[in-house]
Each structure stands twice: as C-alpha cells, then as structure tokens.
Amino acid sequence: MTLLVTRNQIVVPGEVLARGSGLKAGGGVYRKTINHEVEICASMIGLAQVRKNRIGVVPLEGCYIPLEGDIIIGLITRVGVTSWNVDIRGPYVGTLKVGNVIDRDFDSLRESLDRILQVGDIIKAQITYFDRTRDPVLTLQGRGLRKINIGRLIEVDPVKIPRIIGKKGSMIQLLKNMTNTQIIVGQNGRIVIIATDIRIENLVERSIRKIEAEAHTSGLTDRIREFLEKEKKQLFKRSEEDE
Amino acid sequence: MRSNEIISSLERKYLSDLIAKGNRMDGRGFWESRPIQIIPNVVKKAEGSAMVKWGDTVVLAGVKIQLGSPFPDTPNDGVITVNLELSPISSPSHESGPPGPEAIEMARIVDRGIRESQIIPMDDPKLCVIPGKSVWILFVDIYILDDGGNLIDASALAAMAALANTRLNLLSIDEETEEVSLLEETEALPRNGSVASCTFAKINDTIIYDPNLIEDRGKSARFSVAVTNEGLVSSMQKGESGTFFEEEILTMLEKASERTKELHNLIEQSSQAPELQEMFRFDF
Amino acid sequence: MNKEKRSLLLEDGRRLDGRELHELRPITMRTGVLDRADGSCYLTWGNNKIICAIYGPRELHPKHLARPDKAIVRVEYRLATFSVDERKSPAPRRREYELSKILAESINKILFLEKFPNGTIDVFITVLDADGGTRCAALTAASLGLADAGIPMNGILTGCAVGKVDGKMVVDLSDIEDKEGEGDMPIVMIHNTGELTLLQSDGKLTVEEVKEGLKLAETAIGKIYQMQRKALLAKYSQIEDQLDEIDDEEE
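Protein chains in written order, with the numbering used here: chain A, 1 to 243; chain B, 1 to 284; chain C, 1 to 251.
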C-alpha cells in the first residue's frame with residue numbers, strides 16, 4: 001500500500017489518501033477501483049486517520065447522524081394523537097411515542113398530548129432505534145431524560161461534540177468544574193448551559209466556541225484550562241472594581 | 001441558531017428571565033446597538049450599492065437607474081421603487097419564491113422612510129429628462145444575505161447608503177428628435193440629507209432597541225421609526241399583535257432621535273465612495 | 001446602443017483588460033461566511049461576485065417530493081436585479097431556470113445522496129455582480145459550500161470558460177468577450193478524475209478549436225482547483241497560525 005497523507009493531515013473531499021491492496025475504508029472516506037488498484041479517497045473535509053491498513057477521515061464539518069444510544073437535545077415540532085415529532089437537527093425527524101414518555105396508560109380520546117409536551121418544548125432524550133430507512137425513535141424514559149425548563153440553548157457543529165466532551169468526558173468536566181455550571185450536551189450539537197451568573201454563562205459559551213474553532217488542533221484541554229483561568233481572573237478583578 | 005423556525009419555550013423563558021434581570025444575551029444595555037459596518041460601492045454593475053453588516057445580520061442593497069415614463073399626475077418627477085428579498089441564503093426559515101407579506105411589509109417601511117422624507121428630491125430637475133415623457137427611474141433592491149435579526153434597520157441603512165453612492169449618467173438630448181443618449185460621465189444623485197430607521201422590540205413589559213435574532217423571534221410587539229438628519233419623523237410602523245402605551249411610544253421616539261445621529265454620520269462617511277470597494281475584505 | 005464591431009484584442013495581442021490570452025482573472029474564495037447556513041462560500045472572480053448557501057441534508061417539504069432511496073438536490077441559481085447592465089426583474093427568467101437545472105445535474109454527480117433517504121440538500125446561489133462566466137464560478141463556489149457543510153462528496157467541481165475572441169482561443173472570458181466574442185465554451189470538471197460534468201458552447205468553433213479549448217480549460221481548472229483546496233484549508237490553517245503566534249509570544 002502507498003500512503004499519500006500523514007496522520008492528522010487536513011484533507012478535502014475527493015483527495016486520494018492511499019493506494020494499493022488490502023486497504024480498509026473507515027469513516028469519512030470512500031473506495032474506488034482504478035485499473036484494478038484500490039484507492040481510498042476522502043469524502044469530507046477532515047483529519048486523515050491511519051490505523052494499520054484502515055484509512056479514515058475524522059470530519060471537521062458535517063450534520064448529525066443519529067446512533068442508537070445517543071443522548072440528544074430535541075425540539076418538539078408537532079404534537080400528534082399518540083406521538084410527537086422532534087427536531088433533532090440534521091436530515092431525520094425523531095418520533096417520540098407517548099408510551100416512551102409516561103408509564104401509565106394513555107387514553108387518546110380523553111387526553112391530549114400537549115398537556116405533557118407542547119410544540120416548542122426542549123427535551124433531553126435518547127435514541128433507541130435508528131436504521132436510516134425509518135425515522136429515529138426516541139425515549140424520555142431513562143436516567144436524566146426529561147423536559148429542560150431553564151438554561152441557555154446554544155448550537156455547535158455536531159461533529160465537534162466529541163471534542164467538547166473530551167476523552168472520557170475530560171473536557172466537559174473541566175468546563176463544569178472550573179465554572180461551577182451545569183452543562184447538558186446533546187450528541188446532535190445542542191448544548192444547554194445553566195449558570196447563576198450571566199458572565200460565567202458567557203464565559204462557558206466562549207470556551208465552547210473556542211473548542212469548536214480549534215477542534216483540529218492538539219493540546220486543546222491545556223489551552224482551555226489556561227483560557228478559563230485567565231478569563232476568570234479578569235472577571236473577578238472587574239467585579240471587585242465594580243464594588 | 002440553525003434550522004429553528006420556532007422559538008423554543010426554553011429560549012423564550014431564558015430571554016424573559018434575562019431581560020427581567022436587566023440583561024441581554026450579548027451583554028448590551030437595553031438601548032444599545034450592535035456594531036455596524038457599511039461598505040459602500042461594492043457592486044460594479046449597479047449605479048449605487050452598499051453592504052451593511054449589523055451585528056450578525058448582513059444586507060446588500062443596489063440601485064439601478066433607467067429612463068422611463070413618469071406617472072401622469074407627476075409628469076416632471078423621477079420615480080423610486082424599493083424591493084426587498086428575504087433570500088433563502090439568509091436563513092433556513094426563508095423559502096425561495098416571490099416576496100411574501102413579511103418581505104413586502106419591510107420593503108414598504110424602507111420605501112416610506114425614504115419617500116416621505118423627500119431625502120431624494122424626486123422633483124429635482126436632474127431627474128426629469130423630457131417633461132411628461134422621460135424621467136429617471138430608481139430601482140432600489142435589497143437582499144437579505146444573513147438574518148441575524150432587526151432586518152428593518154439594516155435594510156434601511158443599506159438602501160440609504162446605496163442611494164448616497166448612486167451616480168446618474170449625464171445625457172445628451174437631440175432637441176428635434178428628442179432622442180436621448182447616455183454619456184460616460186456621471187454626477188451624484190441629488191440628495192438632501194439622510195434618513196435612518198430605529199426599531200424597538202417589546203419583550204414582556206420591557207422595550208429594547210435593535211433586537212437580535214432570538215429577541216426578534218421572542219418579541220410581542222415591534223415599533224420602527226424613520227428619522228431624518230433634521231430630526232423629522234418621516235415614517236412609523238407598529239408591528240405584531242402586542243401593544244404599546246403612549247408614554248412608551250414617546251420614550252422610543254426620544255431614543256430614536258438620539259440614536260439616529262450616529263447612523264446619519266455613518267451614512268455621510270460612506271457617501272459617494274470614489275472607488276469600487278472590495279467586498280472580500282468584508283467580515284461577513 | 002452602438003453596435004459597431006470593435007476589436008477585443010489590443011495591438012500588443014493582449015486582451016482589453018490587459019490579460020494574456022491564457023491568463024485567468026484574479027479569483028478569491030472564502031468558506032463559512034454565513035452564520036445561518038450549514039455551509040457557505042463567497043467567491044469573487046474578476047468582477048463577478050457570488051454568494052452560495054447550503055442547507056442540509058434536511059427534511060424535505062413537501063413530503064411527496066421525497067425519494068425513499070436517496071436525498072434530492074435542489075439548486076437555485078439567481079441573478080441579483082442589479083448584477084447586470086439592465087435591471088433584471090426580480091422574478092427568475094428562463095436562463096436562470098435552465099442554469100439551475102444544469103448546475104443541479106453537475107452537483108448530483110459529486111454527492112453521496114443514498115446516505116440520506118427522504119432528505120434534501122438545498123443549494124442557493126446568487127450572483128451579486130455579474131461579469132461573464134458565472135455558471136462556472138457558481139459551481140466552483142457551490143462545491144466549496146458543500147464541503148463546508150460537511151456533505152459527503154466524491155470530488156470537487158471546478159469550472160472555467162474558454163472561448164474565441166478575434167480568432168484566438170482564450171481562457172476565462174470576461175463579460176464583453178462573452179457577449180461580443182465569436183464563441184464561448186463553459187466547462188466544469190472534477191479535477192481529480194478528469195471527468196467533465198458540464199459542457200456547453202455557443203458561437204462558431206471548429207473542431208480543432210474545441211479541442212484546443214478543452215486543453216486550455218483543463219490547465220486553467222487545475223490552477224483553480226489548487227485555489228479551492230487552499231480556500232478550504234484556510235479556515236483551519238488560520239487558527240493554527242494564530243495559536244503558533246500566541247505560543248511564540250509566551251516563549
């Protein structure tokens with residue numbers, strides 16, 4: 001095999017990453033055969049990944065593709081007779097059935113679903129079933145799954161979510177601990193920040209925007225820690241001056 | 001905010017809690033504006049143009065001129081029309097197709113501000129080529145390119161700045177045949193001062209100036225006022241189902257008179273830019 | 001209008017704007033310029049100015065247009081009313097409908113649509129200032145917008161028009177050369193594979209001239225592709241440069 005890129009090199013769609021036999025295609029790439037030779041090409045802009053003979057691209061841009069088990073933040077867009085439509089961003093519309101919201105029996109003749117959830121409500125839900133041919137199925141039954149009533153909703157590139165969460169949650173823990181805020185992260189690129197002070201809330205959003213912009217660089221956790229320390233110091237200095 | 005046509009109940013609650021505490025999401029005071037940037041003279045094919053970035057709203061206005069017939073009741077006056085397109089480029093909630101009621105209302109608000117203030121004197125002899133037969137017709141076309149809220153003020157500013165950069169061709173007229181030919185040489189479109197718009201939004205019982213996108217979607221009432229550089233009110237428009245009290249209107253008029261001074265300065269600074277400006281340097 | 005035929009080449013053999021026969025006009029491209037769109041690109045090419053917004057893949061309304069096996073692509077090419085010599089009426093004209101259709105056919109070729117059944121990918125292109133060669137510029141910009149939106153694609157479209165002016169084959173026709181020249185041949189290719197996705201021509205060209213034109217276009221498209229690549233990477237390399245600067249300051 002001939003490798004034409006280096007690890008973590010930023011590549012663009014259509015770019016040939018490797019040529020030869022025995023190549024395996026990871027995510028973000030496609031394979032084609034030219035003159036009996038296999039080529040692996042990037043299908044998205046992103047960072048080239050090479051693991052033995054498996055070539056892939058970690059995308060730097062892209063929409064949200066649901067995975068079973070994902071925790072997402074959804075927006076109720078339609079109330080039906082026995083289910084809701086949920087905007088989960090991206091190409092698919094989530095379905096939330098009443099049986100996955102309440103434990104008791106629901107009588108659709110006597111009760112109306114919008115007494116439980118209304119159009120415009122924001123929920124933290126989980127994807128229980130998805131196979132691309134059918135719309136993703138959601139549930140509100142599970143630990144921490146619920147309607148979200150307070151907080152600031154922001155949207156980020158869904159492909160940047162793994163970076164915002166960090167390895168084993170390290171980045172998001174750093175953010176929460178250093179700012180003393182509650183942060184709900186949806187895999188679909190929606191985040192709710194709950195802070196007591198608007199300045200801290202703004203700081204959290206700015207930090208998230210920084211992670212989003214610098215997602216392709218290394219040493220990010222350390223930089224965010226430094227950033228938070230510096231900004232917090234300035235915030236407190238300013239509030240002392242105010243008093 | 002991408003892909004969201006509905007303001008969520010979470011955002012609505014967040015917004016009203018925040019405003020009740022005297023805060024805005026972007027840290028502004030209630031009467032404070034977002035940063036404004038005008039780049040005049042950006043479109044080569046237009047006789048006048050300007051790009052406006054107002055917060056994260058981006059608007060492009062262009063003026064085309066052509067010779068045409070006057071209206072029968074004003075045979076010696078030029079003609080001006082204002083169109084506005086909520087381009088699907090600007091937001092996932094704007095669809096392509098002919099302008100809907102929202103775009104038409106905005107176009108008419110901008111139109112009235114300019115027309116009624118007589119900032120562009122349509123009866124100026126320079127606009128009349130052959131009385132009763134041929135006058136200059138000004139087409140002001142506004143394209144919303146990025147909808148970050150408060151489209152009315154951004155559109156009015158872009159239209160005004162485009163007019164302030166508009167040049168008319170000098171003409172030669174054959175006295176016998178009345179045949180008109182355009183010369184290469186141009187002169188500035190006649191203009192007496194400027195007009196600028198101020199838009200306020202009511203959220204719960206609080207009035208704020210220059211709503212951003214979420215504030216725009218969460219408002220119950222809107223009030224726009226166009227004020228000339230001489231302090232005259234040339235048009236007003238109250239919008240949405242919410243209501244205002246008299247003293248609220250008076251406060252807004254006072255704030256608008258104060259605020260438009262800076263906008264008039266911005267218009268004068270960007271007036272008649274000699275060279276074609278490079279939009280590429282524009283920080284979208 | 002004065003219809004007298006004028007020469008489109010200067011005495012020294014250069015073109016009216018001072019270019020050599022095979023020289024491109026200056027081109028600039030920037031991605032991610034719009035906050036609301038999923039992907040976007042602003043491109044200037046000579047005096048052409050084009051903005052392009054991409055939405056999707058997203059749910060398709062009305063639903064009956066949806067295809068169960070793949071996403072559909074909707075392309076809208078529009079000229080701003082003030083982008084041309086005579087003000088254009090705001091309603092789209094036949095030319096805009098035709099171009100929207102053929103641009104969509106090119107874009108269809110480069111996207112992996114089967115990944116998004118029932119969905120749509122919407123491409124909105126508006127020419128803000130027109131100066132000849134807008135369809136090639138439009139696809140060049142749209143490809144960058146699609147890559148910026150992170151839509152899976154098998155290549156990037158790159159376009160350039162060639163044509164005949166005063167009997168000579170030239171690259172990248174300006175508005176005047178397009179209107180008053182003897183022939184115009186817009187070409188769009190996937191540079192990495194050499195496939196042609198768009199080819200049109202009007203005017204009088206010999207088969208030999210078409211052959212020469214194709215060669216010239218291929219070379220020009222190679223150069224423009226490199227600019228596209230650079231523009232796509234610019235968003236990330238700028239951040240890296242800024243970080244390096246901060247590091248240097250700290251040392």
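Be a bit skeptical, because a hint or two may be false.
[Stated by the list, open to error] Far from chain B by the CB rule (all over 12 Å, computed), these chain A residues:
(1) 39
(2) 49
(3) 71
(4) 82
(5) 95
(6) 100
(7) 104
(8) 129
(9) 151
(10) 174
(11) 213
(12) 236
[Unchecked claim] Here are some chain A residues pointing at chain B (derived, C-beta under 8 Å):
(13) 26
(14) 75
(15) 118
(16) 121
(17) 122
(18) 148
(19) 149
(20) 153
(21) 198
[To be verified] Some, not all, of what chain C presents toward chain B, calculated at C-beta under 7 Å:
(22) 35
(23) 53
(24) 64
(25) 76
(26) 82
(27) 84
(28) 87
(29) 89
(30) 90
(31) 180
Since the hints were derived computationally from the structure, they do not count as laboratory data.
Keep in mind that this is a model prediction, so the values were computed, not measured.
Idealized CB from N, CA, C, for every residue including glycine.
Verification of the supplied hints:
1. The Cβ of residue 39 of chain A lies farther than 12 Å from every Cβ of chain B, with a closest approach of about 34 Å, so its non-interface assignment holds.
2. Distance check on residue 49 of chain A: its Cβ is at least 27 Å (rounded) from any Cβ of chain B, clearing the 12 Å threshold; non-interface status holds.
3. Under the 12 Å C-beta cut-off, the non-interface status given to residue 71 of chain A relative to chain B holds; the minimum distance is some 17 Å.
4. Remark: the non-interface label on residue 82 of chain A is consistent with the geometry, its nearest Cβ contact in chain B lying 22 Å away (cut-off 12 Å).
5. Residue 95 of chain A, annotated as away from the interface, keeps every beta carbon of chain B farther than 12 Å; the closest lies near 18 Å.
6. Listed as outside the interface, residue 100 of chain A is consistent with that label: its C-beta sits roughly 20 Å from the nearest C-beta of chain B, beyond the 12 Å cut-off.
7. At roughly 24 Å from the closest C-beta of chain B, the C-beta of residue 104 of chain A stays outside 12 Å, upholding its exclusion from the interface.
8. With a least CB separation of 22 Å from chain B, residue 129 of chain A remains clear of the 12 Å interface cut-off, as annotated.
9. With a cut of 12 Å on Cβ distances, residue 151 of chain A falls inside the contact zone with chain B, its closest approach being about 7 Å.
10. No Cβ of chain B comes within 12 Å of the Cβ of residue 174 of chain A; the nearest lies about 24 Å off, and the non-interface call holds.
11. Listed as outside the interface, residue 213 of chain A is consistent with that label: its C-beta sits roughly 15 Å from the nearest C-beta of chain B, beyond the 12 Å cut-off.
12. With a least CB separation of 17 Å from chain B, residue 236 of chain A remains clear of the 12 Å interface cut-off, as annotated.
13. Nearest Cβ of chain B to the Cβ of residue 26 of chain A: about 27 Å, over the 8 Å cut. The hint is violated.
14. Checking residue 75 of chain A against chain B by beta carbon gives a least distance of about 5 Å; that is within 8 Å, so the hint holds.
15. With a least beta-carbon distance of about 7 Å to chain B, the hint placing residue 118 of chain A at the interface is held under the 8 Å criterion.
16. Annotation: residue 121 of chain A was flagged as interfacial toward chain B, and the flag holds, the nearest CB pair being 5 Å apart, inside 8 Å.
17. Taken as an interface hint, residue 122 of chain A checks out: its beta carbon lies about 4 Å from the nearest beta carbon of chain B, inside 8 Å.
18. Annotation: interface hint on residue 148 of chain A holds; nearest CB of chain B at approximately 6 Å, less than 8 Å.
19. Nearest Cβ of chain B to the Cβ of residue 149 of chain A: about 7 Å, under the 8 Å cut. The hint holds.
20. Restraint check, residue 153 of chain A versus chain B: the minimum CB separation of about 6 Å is within 8 Å; hint holds.
21. Against a cut-off of 8 Å between C-beta atoms, the interface hint on residue 198 of chain A holds, since the closest Cβ of chain B lies about 5 Å away.
22. The beta carbon of residue 35 of chain C comes within 5 Å of a beta carbon in chain B, closer than 7 Å, and the hint placing it at the interface holds.
23. At a threshold of 7 Å, the smallest CB-CB gap from residue 53 of chain C to chain B is about 4 Å, leaving the interface hint in force.
24. Because the beta carbon of residue 64 of chain C sits about 17 Å from the nearest beta carbon in chain B, more than 7 Å, this interface hint is broken.
25. Checking residue 76 of chain C against chain B by beta carbon gives a least distance of about 5 Å; that is within 7 Å, so the hint holds.
26. Contact between residue 82 of chain C and chain B, as hinted, is supported at the beta carbon level, the nearest pair being about 3 Å apart and thus within 7 Å.
27. At about 6 Å, the closest approach between the beta carbon of residue 84 of chain C and any beta carbon in chain B falls short of 7 Å, and the interface hint on this residue holds.
28. Residue-level restraint check for residue 87 of chain C holds (minimum Cβ-Cβ distance to chain B is 4 Å; threshold 7 Å).
29. Interface restraint check for residue 89 of chain C: the shortest CB-CB distance to chain B comes to about 10 Å, outside 7 Å, so the restraint is violated.
30. A least Cβ separation of about 6 Å between residue 90 of chain C and chain B falls short of the 7 Å threshold, and the interface hint therefore holds.
31. Because the beta carbon of residue 180 of chain C sits about 17 Å from the nearest beta carbon in chain B, more than 7 Å, this interface hint is broken.
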